[in-house]
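K.L.:
Chains as they are written, first to last, in our numbering: chain A, 46 to 1035; chain B, 280 to 752.
Just so you know, the hints here were simulated from the structure itself, not pulled from any lab data.
What you were told as hints is all true, and nothing was included just to trick you.
In silico lysine to aspartate or glutamate, DMTMM-like type, Cα no more than 20 Å apart, as pairs: (1) A:171 to A:890; (2) B:745 to A:861; (3) B:745 to A:815; (4) A:609 to B:294; (5) B:745 to A:816; (6) A:1003 to A:961; (7) A:609 to A:685.
Coverage of chain B stretches by chain A, computed from C-beta distances (three or more under 8 Å per stretch; other residues unrestricted): (8) 374 to 387; (9) 558 to 570.
Each residue gets a CB set at the ideal place from its N, CA and C atoms; glycine is no exception.
Residues per chain, in single letters:
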Amino acid sequence: MRKVLLLGLMLFIASAVAFAQNRVITGTVTSVEDNMGVPGATVLVKGTTIGTATDLDGKYSISVPAGSNVLVFTFVGLTTREVTIGNQTTINVALQPDVQALSEFVVTSYGDQSKREITGAISSVKGEVFQDLPMQSFDRAMQGRIAGVQVTSTSGQPGGALNVRIRGVGSVNAGNDPLYIIDGVQVPAGGLSGQGSQNALASINPNDIQSIEVLKDAAAGAIYGAQAANGVVIITTRRGTKGSTKVRLSAQTGVVKPLGLYEVMNSQQLAGLKRDAFVNSGRPAINAANVYGNPEDPNLPNNSWVDATFGDDRLSVYDISLSGGDDKTTFFLSGSYTDQGSQVIKSDYERATTRLNLTHRPNKKLTVNTTLSLAYQKSNGAIDRGNFVNSPFQAGFTARPNVPIYNEDGTFRDYPSDHLFGYNIVQGAAQELRLANTVQTVSNIQLNYQFTPWLSFTSFAGLDFADNRDENNRPSTIAAFRAAGGNSTNTDRRNVNFNTNHNFNFNKKFADKHTVSGILGYEYKTESRELTFAQGQGFANPILRYLNNAATPLAVGSSFTQFKRLGVFGQAKYDYNDTYTADFTLRRDGHSRFGSDVRFGTFGAVSVGWRLSSMQFLQNATWLDNLRLRASYGVTGNSEIPNFASQTLVASAGQYGGSPSLALNQLGNNLLTWEEAETFNIGVDATMFNGRIITTVDFWRKNSSNLLFNTPLPIDSGFGSITQNTGELRNQGIDFDIQTVNITAGKFQWSTAFNVTVLENEVISLFGGEERIGNTIVVGQPLFPIYTTPYAGVNPANGRPMYLNENNEYTYTIRDADVRYQGSALPTSYGGLSNTFTYGGLSLEVFFQGQFGNKAFNSDLFNLASTGSGPNNQLVNQLNYWKQPGDVVSNPMPWESGARPGGSSYTATSTRQLSDGSYIRLKQVTLSYAIPPVVSQRIGVAQANVFVQGLNMATFTKYNGIDPEVNSIGNTFAAFPNSQQITAGVSLSF
Amino acid sequence: MGGALIASSCADQLDVSPRQSLTPATAFVDLAGYNGLALNMYGRTRNFSYYGQTMMIAPEVLADNVLVIANTGRYIQEEVNADRAGINIWGTPTTYSAFGAINDANIILAGVDKATGTDEVLRNRIKGEAYFMRALHHFDLARVYGYEPGREVNGWNKSTIIRTTPTLGFSDADLRARNTNVEVYTQVEADLLQAISLLPTANLGSPNVYRASKAAAQALLARVYLYWGRNDRAEALATEAMATAGLTNDGTGLVTSANYVSSFNTFPNPESLFEVEIRQVDWSTVDGVNNSVSSLASNATPGAQFILSASIQLINSIEPGDIRLQTWTATTRAGFNGPVYSSNKWRGAKGQYLENLPILRASELYLIRAEARFKTGNFAGARADVNALRSKRNLAPVATDLAGNDLFERILQERRVEFAMEGHRFFDLKRNGLDIRKHRNLPSVPYADYRVLNNLPLGELQLNDKLEQNPGY
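The following block holds chain A by itself, in its conformation from the complex (with noise of 0.2 Å):
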């Protein structure tokens, strides 16, 4: 990795007028590390100011004056090392990696820095850590990794997105999600399909993933000034070394299971719950009876829609990756195979993936990398999230229990009309159709000329483009598609996203104290998004779907939607002595999103860095390896809002009468210019006692301005909205991050590795002195703020659902102003907690996972605690109701219809369906031995490693639903939980 990444940016020493005496000493620069050549290493004669530095092989040759007789080699992230030349013509130096360097380099793809002079906030993850955990995507892999960084899930979907949120949630309306560049790549977050959730970061195998990097603040992040406004995620991923051809072989299977169901009633229950409920409400119990059942009927039958819907599935992952290379070029070459179900039935994920990443170097100025690779990507999405008949995280746990699922000759039976719109909901998971498949590569050239040492110059190109067919299939088998012989929609989308950039790279050390570095480029991005999609219905028998079987076209539709940007930037970074560090970053871009004379926008940023362990006063703490303080502050863009957001648009709205429609459906803003994120960070980096604790730091603030934002418009204006920029918004808080080594006693250590970020978000202000849009933003709360009127128990004198009004007095009724604040959904703190026990060839990792301080609202309870009051199944705990006078229970007398005279529905919104959605998790174990290589380098193999792992295995909260995961934000119904892994494999190198 190293070679590649110093590709742009090589280190040189000037080389002194050379004296007639002199003696040529040639050799080669290796790492101990890889054992490959280290380019860029600086090779001095000690005493004078004679140097030069080796190639991009690692090797050197220096002319050695006379008298002199060491030569000192250096290179950032290794051990500085002497060597007496005596009489040698020779010399081959191994360099040690360097403990307390921390001796990664972080790749922008603009040129590379070494992490120890970064004076920006920056934390990464090594794919080491999450090599061969069954995660779909990288972005899971980061949870509870990374001090500062929040990821969910929002679905449990096998190969499902997931919500990323760098520093907390920094703008209102334009997207929070972080800036992802995949080898120099940008590639935007989100879902692929319309099938369920596919991500678009899944195209990458994690096992190909040699780090990631998260650019915290505006420092790290300016550089990409636009859209660095909600922070920068950079995937790295693994290049070849020159050397021996590595194989490495990976495979693994398990199941998957549910992480939790709700308990729901049995027949005879919900029966006896809904005849209360009828009698109550002066309905005939015979009614109740002819739906639900007679409960004194002990031949009422049971039916387990649960049972049907959810369990055990299989998952699968096979892995293999070759890598090596001669003098001239290197490669890393994968293929991976997954195959995972998920708990609910025809809910699946299949990807296959391929990586050929190649760098190349004809002569010593010109270097060739190249990255390829291939996803494609299957699923069969559950539909997920939504109060949906057709979702089975709905029906599967509210349909009936009396209701038979089959015929007796096995086929399905059709669900009563009445209920779940007639939708059997174990006949359409299992005969609806909605698969997705996607194939995506995400791949890059970058052409390299060092004109000197000290100057190159980098091209690059990179493409992210991804072709998507949804096929959507209801078959005339279940009865609401019956009337219409069934239907069929395909739906083809393809998205290209393209960015070049083109820039110089300079660095320059003088007098041996001073260096200065920097970059100068051009950056252009354009992502075009198209869709076609077209519906037939009327198949003459249920197996046919494509459309060319359709008796009726239906409908049809195209769409397509692109943004361009551009912008030019430049870097400048002074370094002293390796003590003091300045950097200052200046960005311009234009967006096509924006207004025609207020497009561009300009970011920026300034940090500075002091390196207190190389002071004189602390040249005797031995212990104290590395000690640092930096300081930054800068300003970068979100542009995330819709590609015409500033236009006023006339769309088609249909047809009447056979006539094309138009309606006015957007108002413009030709004054939308850029959001902007003023960040102000102070952090420490510290490392002590030989490596054996690493800890970082920072404090931080960014403050969010110029929102653009969705300024509420009264209704009865015609409109609901209009982009604007206007608003404030603050997220602040402290990420706190350490490594340690706890004991090392013989073969045995433990280490630890913590981090928790603690954040607080507020509004600062809206519009126009505006101080609360409705419910759902209040200045001085934080965003997502819950409100809801106090749930007060039941009356025991009558059994009617009490609330507290805004005097907090009891009411029945809840009227508009009896509403108010409860929490917000965001949480106050996050982090993860890893612990690794390792035994000789044993190793035990237990991680735990979690966030504190969020409410959780759970629409799932407006079904199935709603007392009896609608048509669904219900929770058991549902049983608790009163009965009669004097009874003190936490649920209502049933009343069918749950609008019980003279008071607020037995549904209406309020702390009955809040809980604290606080959680830990333990996220993941895993249980590994290395077999002694004695024993498996009789059959050939250089190292072999058995593991057993299980994520997601076990969960404490306080929440009132499944997964307080993925009840994160917005529409709560039926989201699909996530799921427990339990695998175990087998990893191979030769």
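Got chain A; can you put chain B on it based on the hints?
P.N.:
Chain B only, in chain A's frame:
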């Protein structure tokens, strides 16, 4: 370094046009563009939160015509007039709002005179349609959210907000207070008078009734005057509408009783003065079963939800021999004990639950005029109009001495039966200041009860300090 960062002069590289959308500057230059906007006003009325479902069903369920026979969660609250269960056409940014069509109309009225094009007939038609639709939507908002003039409870006269200028930018969307009911009715009257002068005529039962016509505007104005209590004008406009539509005083022009039931499965309905057309492409593949009136109120299509039946009280109120009894079919429903009635007005006769939405039918003119004549003391005239309608419904004339409140109740009963499942019943009781009558032994809702007026959305009230909530919420 900063010097190198001069913005590149390639800003035009950043021009991207939204290929599937137009700007107003290109869309609204000629009559064709405004015609497209006019069609959108009709398209909006198909929304399931407006005439597509709610405006047809809720006024029946909120009163005494419809029994909910299965609890799917729909209309179960409306049936018992529960707190906040009603008709929500004011809307929020994420739901249907009647104000969308009002803005379409305002864009047309502000610009159509300057549009290029020489077809003055089309120009007048588009203008007339805009006035008509603006009036219809303001009127519907007024009757859902406010009391009719002269029927105020405790003097509460707040109605809808009147919008007569287009919203084309931020500054147009000013925060306004609710207008009074008289202001709204005055505006609706003015708009309909304009519409009457501009709109073309359309023959009853011809496809021209799929767009607004002169007779439709006259009929709507007659209805508005009746709600307003201006009974002499109501009578006059009903008479004018009948003349325009070719209806005579004896009922000629209405369908005969033999064709009455099938008229609802004929498109357009031969009695339609104004009917909104729906085609299969306007619906998603599940809208039929999930959202259509037919799926809710009829079991004609297998797989229908069939959750709404005529109340036994409605059925029992229908006179023997009345052809309108045949708009209901006695049937059974699994899970519900006892007879239920499936609507034959909403059989989904265009296939897969699909059918058009009759919004103004000719028979209403006779009943408007009868009520207006009754209220102006012309009992004989009122009886004549009732009898003209009854003659087409296989019923004998009413007693020649029917007068006073009995006559009024007879007119109300004719409306109840004639327009069952067409969204009139609740409003007919309310506009007369009557308690809302209920079926199934449910207590009637006193006219002064807060639930007679719908609540305004809380979000709008919090956004707009000038907006006042109706009392009791």
